[in-house]
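Place chain S on chain G using the hints.
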Amino acid sequence: MTQLALEHFLAVGAIMFVIGLIGFITRRNLIVIFLCTELMFQGVAINLIAFSRYVGNMAGQAFVIFVLVIAASEASLALGLVVLLFRTKNTLDANAWRDLRG
Amino acid sequence: MAKLHMFGNSLSLGSPPVLPLADGNLIQPMVVLGLCIVAGIGTVMLLPARQDSSVRKLGGTLLTLAGLLFVVVILQVTGGPPQAGVGWEFWIFSGIAIVGAIRVVTHPRPVYSALYFILTVFATAGLFILMYAEFMAAALVLIYAGAILVTYVFVIMLAASAQGDGKRPLMGLAEYDAVSREPFFASCIGFILMGVLLFLIFDRASGIVQPASDVAQSGTGAAVHGSTQALGEYLFENQIVNLELAGLILTVAMVGAIVIARRRVATADVDDAFEPSIETINATMTPLSDDPRSIPVYGTTNPRQKAFPQN
Numbered sequence: 001m002t003q004l005a006l007e008h009f010l011a012v013g014a015i016m017f018v019i020g021l022i023g024f025i026t027r028r029n030l031i032v033i034f035l036c037t038e039l040m041f042q043g044v045a046i047n048l049i050a051f052s053r054y055v056g057n058m059a060g061q062a063f064v065i066f067v068l069v070i071a072a073s074e075a076s077l078a079l080g081l082v083v084l085l086f087r088t089k090n091t092l093d094a095n096a097w098r099d100l101r102g
Numbered sequence: 103m104a105k106l107h108m109f110g111n112s113l114s115l116g117s118p119p120v121l122p123l124a125d126g127n128l129i130q131p132m133v134v135l136g137l138c139i140v141a142g143i144g145t146v147m148l149l150p151a152r153q154d155s156s157v158r159k160l161g162g163t164l165l166t167l168a169g170l171l172f173v174v175v176i177l178q179v180t181g182g183p184p185q186a187g188v189g190w191e192f193w194i195f196s197g198i199a200i201v202g203a204i205r206v207v208t209h210p211r212p213v214y215s216a217l218y219f220i221l222t223v224f225a226t227a228g229l230f231i232l233m234y235a236e237f238m239a240a241a242l243v244l245i246y247a248g249a250i251l252v253t254y255v256f257v258i259m260l261a262a263s264a265q266g267d268g269k270r271p272l273m274g275l276a277e278y279d280a281v282s283r284e285p286f287f288a289s290c291i292g293f294i295l296m297g298v299l300l301f302l303i304f305d306r307a308s309g310i311v312q313p314a315s316d317v318a319q320s321g322t323g324a325a326v327h328g329s330t331q332a333l334g335e336y337l338f339e340n341q342i343v344n345l346e347l348a349g350l351i352l353t354v355a356m357v358g359a360i361v362i363a364r365r366r367v368a369t370a371d372v373d374d375a376f377e378p379s380i381e382t383i384n385a386t387m388t389p390l391s392d393d394p395r396s397i398p399v400y401g402t403t404n405p406r407q408k409a410f411p412q413n
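Residue numbers (the working numbering), protein chains in the order written: chain G, 1 to 102; chain S, 103 to 413.
One chain only, chain G, in its complex shape (with noise of 0.2 Å):
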């Protein structure tokens, strides 16, 4: 067994990635979708960290910090949004929405 390496970090994060992305554009419930978004996050922070380590800065988990920033800001105002369109049409679904397709 070799040590870890930073492909064995690599690959988690590029499968938690792809595994968002697959529920962000199949789910049709509005939160799950924001959840799924918040696990493509989570993806990339696990390939800033290794990059973090294998560079051997501080520079990729600083950025992490950064990301965990905007998922936190990204998830107040869109699950605000989310409570307006339930309110709205009284639906989480997002083919209710179709219409914005122009």
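To be clear, the hints were calculated from the coordinates, so they are not data collected in a lab.
Errors might be hidden in some of the hints.
[Stated by the list, open to error] Derived SDA-like pairs: lysine to any residue, alpha-carbon spacing no greater than 25 Å straight-line:
| no. | chain 1 | residue 1 | chain 2 | residue 2 |
| --- | --- | --- | --- | --- |
| 1 | G | Lys89 | G | Asp99 |
| 2 | G | Lys89 | S | Arg364 |
| 3 | G | Lys89 | S | Gly358 |
[As the list claims (entries may be wrong)] Derived list of chain G stretches under chain S, where covered just means 3 residues or more per stretch with a C-beta under 8 Å from a C-beta of chain S:
| no. | stretch |
| --- | --- |
| 4 | 32 to 46 |
| 5 | 70 to 82 |
Ideal Cβ positions, reconstructed from N, Cα and C, are used throughout, including at glycine.
Same frame as chain G, but now just chain S:
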């Protein structure tokens, strides 16, 4: 700090070791592509859709099989099962994280998706600790599992409207939860992307040039314990403006969320019970009863601005 000795190297002995690249190819990239196809088919079958549960069970089995094959291939290439102390935690944490992530995506009930997401967050925090990012692990658990997920669960509760039509295939779920959109198409895109990413990672990552480590130079050398102190010094020496901007963004987001969700007081059961009219403006300030719905709202005649709007 001493408790963390189980993770291979001590965290308190100066700068932790730098993550190396694997020597030689980890696995054959074509094997990765094949396994991605199998996992993609499994995901298509596992995603919620109008079908009986045996198909979903088959999909889950297929997905598990692909994952196990993946692990077996990696173990075979890297020579035998891992000995204790050489990164076996990585396999546990990443296994939990990926299984949790798949369940987040495929579970038809949003509450369970959120709970599986908490599981994924904890496993990811474990991975962060393996990479000597203790502060980020703690922050991840605090922010994600603590703050963000509570907000999600709160909104799920607020918007709980699982009104299935009682038919057997939906099992009491709302239609938009029980039937996913374009599962085949999305899984094709996703697993093609995953195959290409893993191909690149395992095939081409050895081309990345590892720069000289500058952990030792950053901070005050021997006084740095773990990476938390080094991270703090890096943040406040190099990123101070960005840190202030992050605080500003959080404040703006908080104000924005309050503005967006300001009318949240109107719930479904009070909207028709209260109808403000002109005479409520001249009504007495003393509420007629203890019922809060009987308290009139003053100062507005615009129906768009009344305190309890209709929907």
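Structure-based check of each hint:
| no. | hint | result |
| --- | --- | --- |
| 1 | Lys89/G to Asp99/G | holds, 13 Å |
| 2 | Lys89/G to Arg364/S | holds, 17 Å |
| 3 | Lys89/G to Gly358/S | holds, 22 Å |
| 4 | 32 to 46 | holds (count 9) |
| 5 | 70 to 82 | holds (count 12) |
The structure shown violates none of the earlier numbered hints.
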